[in-house]
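*Asks:* Now for the letters of each chain:
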Amino acid sequence: AQSVTQLDSQVPVFEEAPVELRCNYSSSVSVYLFWYVQYPNQGLQLLLKYLSGSTLVKGINGFEAEFNKSQTSFHLRKPSVHISDTAEYFCAVTERGFQKLVFGTGTRLLVSP
Amino acid sequence: DGGITQSPKYLFRKEGQNVTLSCEQNLNHDAMYWYRQDPGQGLRLIYYSQIVNDFQKGDIAEGYSVSREKKESFPLTVTSAQKNPTAFYLCASSISNQPQHFGDGTRLSIL
Numbered sequence: 026a027q028s029v030t031q032l033d034s035q036v037p038v039f040e041e042a043p044v045e046l047r048c049n050y051s052s053s054v055s056v057y058l059f060w061y062v063q064y065p066n067q068g069l070q071l072l073l074k075y076l077s078g079s080t081l082v083k084g085i086n087g088f089e090a091e092f093n094k095s096q097t098s099f100h101l102r103k104p105s106v107h108i109s110d111t112a113e114y115f116c117a118v119t120e121r122g123f124q125k126l127v128f129g130t131g132t133r134l135l136v137s138p
Numbered sequence: 005d006g007g008i009t010q011s012p013k014y015l016f017r018k019e020g021q022n023v024t025l026s027c028e029q030n031l032n033h034d035a036m037y038w039y040r041q042d043p044g045q046g047l048r049l050i051y052y053s054q055i056v057n058d059f060q061k062g063d064i065a066e067g068y069s070v071s072r073e074k075k076e077s078f079p080l081t082v083t084s085a086q087k088n089p090t091a092f093y094l095c096a097s098s099i100s101n102q103p104q105h106f107g108d109g110t111r112l113s114i115l
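Residue numbers (this note's numbering), protein chains in the order written: chain H, 26 to 138; chain W, 5 to 115.
I should point out that these hints are in silico values taken from the structure, not numbers from a laboratory. Take these hints with a grain of salt, some might be off.
To be verified - Only pairs whose alpha carbons sit at most 20 Å apart, straight line, appear in this in silico SDA-like list of lysine to any residue: (1) H:Lys125 with W:Asn57; (2) H:Lys125 with W:Ile99; (3) H:Lys74 with W:Lys61; (4) W:Lys61 with H:Thr119.
What the hints assert, rightly or not - Computed spacing ranges between beta-carbons, pair by pair: (5) H:Asn66 with W:Lys61: 43 to 51 Å; (6) W:Thr9 with H:Ser53: 32 to 40 Å; (7) H:Glu40 with W:Asn57: 12 to 20 Å; (8) H:Glu45 with W:Gly20: 45 to 53 Å; (9) W:Leu31 with H:Gln96: 47 to 55 Å; (10) H:Pro138 with W:Thr9: 34 to 42 Å; (11) W:Ser77 with H:Pro65: 23 to 31 Å; (12) H:Phe39 with W:Ser84: 44 to 52 Å; (13) H:Ser95 with W:Lys87: 26 to 34 Å; (14) W:Val56 with H:Leu135: 41 to 49 Å; (15) H:Ser95 with W:Gly7: 36 to 44 Å; (16) H:Ser51 with W:Thr9: 33 to 41 Å; (17) H:Ser79 with W:Ser113: 42 to 50 Å.
Note that CB positions come from ideal geometry on N, CA and C, so glycine has one too.
Given these sequences and hints, build the entire structure.
*Replies:* Following this line, the structure appears as structure tokens:
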């Protein structure tokens, strides 16, 4: 069975500082990996996805993530955050060819001036 | 614009009542999903449907029911058997090997 661990429930950071949100997964088969963002009282919006190919994946709003198979990680990074990046971020995994997503518990990013 | 519409945005239920949450998509996606979101627990899968007239239980199906009579629609009924229904409910859809698209959610509260 797959599982996703987001170790940090909350990450406070100052505006224009870099940030890394951590995600580790477990699975016995090859996987697809995703990061979603959720703003208050809204649905989830896809930030980026890893399906195959380059392990460094670039997404929207200046975010990127790196797939590390040996570490079973898919950490999300941004070199300089904005106040508008304040939101909850979810890492998710699915087995290749199968649509069921397993989500982590989320990391709340709090950006202050 | 194509997308997923969930209605209503806020819903209140009395004890012992069944309520139905609507989810409609015009993306021509085959698969549709219902998730429940509780604070600090991420999203948990309730039911999913990969084709019309077929659906499967997810991880927390007890107390819920669904139907999939049309490709565009996947309503979720929260029955009186669901003892703790207060949550944020999210509907999603997808086509094969593509990420899921989400609606804006329905927040259900108990009066």
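*Asks:* Checking each numbered hint in turn, tell me which of them this model violates, lowest number first.
*Replies:* 3, 5, 7, 9, 13
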